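Protein sequences appear in the order of chains A and B.
Quick note: the first sequence uses our numbering, first residue 1366, plus one each step.
Quick note: the second sequence uses our numbering, first residue 11, plus one each step.
No lab work stands behind these hints: they were computed from the structure.
Bear in mind the structure is a predicted one, so any value in this text is a computation, not a measurement.
Here a beta-carbon is modelled for each residue, glycine too, at the ideal position from N, C-alpha and C.
Hints should not be assumed to be uniformly reliable.
As the list claims (entries may be wrong) - For each label pair, taking beta carbons as the anchor points, the in silico distance ranges come out as:
| hint | chain 1 | residue 1 | chain 2 | residue 2 | range |
| --- | --- | --- | --- | --- | --- |
| 1 | B | R484 | A | D1424 | 43 to 51 Å |
| 2 | B | A346 | A | E1425 | 45 to 53 Å |
| 3 | A | R1400 | B | D64 | 45 to 53 Å |
| 4 | B | A284 | A | V1423 | 39 to 47 Å |
| 5 | B | S276 | A | D1403 | 19 to 27 Å |
| 6 | B | A345 | A | R1377 | 14 to 22 Å |
| 7 | A | S1392 | B | Q429 | 15 to 23 Å |
| 8 | A | R1400 | B | A308 | 51 to 59 Å |
| 9 | A | A1380 | B | L63 | 45 to 53 Å |
| 10 | B | D107 | A | V1460 | 43 to 51 Å |
| 11 | B | R78 | A | A1434 | 33 to 41 Å |
| 12 | A | R1400 | B | A329 | 18 to 26 Å |
| 13 | A | Y1404 | B | V303 | 13 to 21 Å |
| 14 | B | R78 | A | E1410 | 56 to 64 Å |
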Amino acid sequence: MPDDLTIGDVERIAALARLALTDGEKSLYARQLTRILDYARQVAELDTRDVMPTSSIVDEVVPERPDTARPSLDREAALANAPDAASGLFRVPKVLGDA
Amino acid sequence: MPDPGTMTGREIRDAVARRDLSATDVCRSCLSRIEQLDAVLHAFITVDPDRALDRAADLDRRPGGSARLPLAGVPVAIKDNLCTTGLRTTAGSRILDGFVPPYDATVVARLSAAGAIVLGKTNCDEFAMGSSTEHSAFGPSRNPWSPDRTPGGSSGGSAVAVAAGFAPLALGSDTGGSIRQPAAFCGVLGLKPTYGRVSRYGLIAFASSLDQVGPFARTAFDAALVLDLIAGVDPADATSATRAVPRYEDALTGDIRGLRVGVPWSVLEHGVDADVRAAFDRSLEVLRQRGAVVSDIALPHSKYGIPVYYLVATAEASANLARYDGVRYGSRAPAATLTGMYEQTRDAGFGAEVKRRIMLGTYALSAGYYDAYYRRAQQGRTLIRRDFDDAFHRVDVVAMPTTPGPAFRLGERLDDPLQMYLADIFTVSAPLAGLPAVSIPCGFTSGRLPVGFQLIGRSFDEETLLRTADAFERDTEWWKAEPGKPRPTPRPVASSPSQPARR
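Whole structure, please, built from the sequences with the hints as guidance.
Next up, the structure:
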């Protein structure tokens, strides 16, 4: 496992997480995440041979329901909180940049 | 008129049903108390006086009254990460500052249908990520027992609302301790139900395999009343359990003879404040006097609880919070391209702790680190669950202090995220194992700060937790203590100071 997180590591993670961090945030998180991960590394001590991971606590079988159409949120209500909406749609900046 | 600020939910309901009090009187009284005190305490992000009074007036006008509604006229405070139709819901985040939900969370709808009156939305750490409310974008709440201290978090505002007498009941959510820790810090009861017991529909998601909604109250009876209503399957939440819901108040018999209480003594050896430890020992003695049998148990993997919890919870959070992209709701930062808009919106809209956790979770899930961190944490979670399975072969409940120390000072841990995380040491295990747990007021430190006694139960055995909490209340006065009034003295117990049972 790696030692200290570099600014480059932080930039790589921030890009995956879609966060435009400032330079100040990058150096702060590099320092803080290094310390937190150093602590979290304790999990390496666990004897996990033949131990299944727990991803859900639900013991019941997830129930099924008939696939029938039901009323849903109407369009106006669904768009009411949008930062930008037009013609009954969400409006966003260009997907393909300035091309 | 009796002061609703000192009444339990049950007392208010009964007084309203008898027409001794009108729902409007109760509502006015609570709103005026909020107006007097909340400028300092900041329990609420949003108060909704007009609709609350309208609703109270509706109840008062009903012919024959509202006697059959289980919470008729009872004011409730709702954590601001639970959606409320037409009422701003922020989850403590700038990114949701103007968000007005088009629907109610199932738990809110059920309380309203039962006659409860929603007073407003309570402050919390942003997206429920924190242990102090200091990570709320709307500023911290203050502890009614000592306003320079945190009320705990993340559901700190809900705990303050009940402790300060703004409302006898509140809802919060608990992912790693966010109901129990603030309950302990504020001297009220907080219950985290079993995973699946209560619908999360309309709860703004933090970590989906851990999140659970539960009540704050002053008494076990009031918590049972709320759980009766909010527990049970919900077609809108596939993780809600189909298992039948008992009438929880019927479990409050006062009889805990033969109850087997396990204490993981080795876990408590280090890092527990001396006053907290003394209150814990006295609390065990109260249970013994009522016929409970206390024994030592081992939870060998609980020391890995914090790293396991913070890896699992942040990984899930990093996925859940991907939805805040400036498209469908919430704020948006201007940018020329879609990706630029996502990145600018999220950097401007999220606070420091949320970004820190998203980064940590993204790292733990990323290629090359997944097996070493996330998968291993999930395996650690299995080992923690097995510890409890083993313990519950020998005991009926597990007892621990809720927190290692009392409420800390505002600002004290803000610059040291890891120190803040370590405050959750005794609360993360129950949600990791999916188990129900309750924090009960059990005393004060020499500095007059409340202390919480935690009981963890078997899966879906909230009845034993509430029965034990109720029995404890019958023999103690802690739950009656109010901030600003003299604290009660410990009830003398007959036997010598308790000696921990050792293996």
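Hints versus structure:
R484 of chain B and D1424 of chain A have their C-beta atoms about 34 Å apart, which leaves the hinted 43 to 51 Å range violated. Checked against the hint of 45 to 53 Å, the C-beta distance between A346 of chain B and E1425 of chain A comes to roughly 48 Å, which is consistent with it. Remark: the range hint 45 to 53 Å for R1400 of chain A to D64 of chain B is upheld by a beta-carbon distance near 51 Å. Separated by about 41 Å at the C-beta atoms, A284 of chain B and V1423 of chain A satisfy the suggested range of 39 to 47 Å.
Hint check: S276 of chain B to D1403 of chain A, Cβ distance near 25 Å, so the stated range 19 to 27 Å holds. Between A345 of chain B and R1377 of chain A, the C-beta spacing of about 21 Å keeps the proposed range 14 to 22 Å intact. Hint check: S1392 of chain A to Q429 of chain B, Cβ distance near 20 Å, so the stated range 15 to 23 Å holds. A C-beta distance of roughly 30 Å is found between R1400 of chain A and A308 of chain B, which places it outside the suggested range of 51 to 59 Å.
In this structure, A1380 of chain A and L63 of chain B meet the distance hint of 45 to 53 Å, their C-beta atoms being roughly 50 Å apart. For the pair D107 of chain B and V1460 of chain A, the supplied restraint of 43 to 51 Å is violated, since their beta-carbon distance comes to about 26 Å. Taking 33 to 41 Å as the suggested C-beta distance range, the pair R78 of chain B and A1434 of chain A conforms, at roughly 36 Å. Take R1400 of chain A and A329 of chain B: their Cβ atoms lie about 24 Å apart, and the range 18 to 26 Å holds.
Hint check: Y1404 of chain A to V303 of chain B, Cβ distance near 37 Å, so the stated range 13 to 21 Å is violated. For R78 of chain B and E1410 of chain A, the hinted distance range of 56 to 64 Å is satisfied, since their beta carbons lie about 57 Å from each other.
Hints 1, 8, 10 and 13, counting from the list given before, are not met by this structure.
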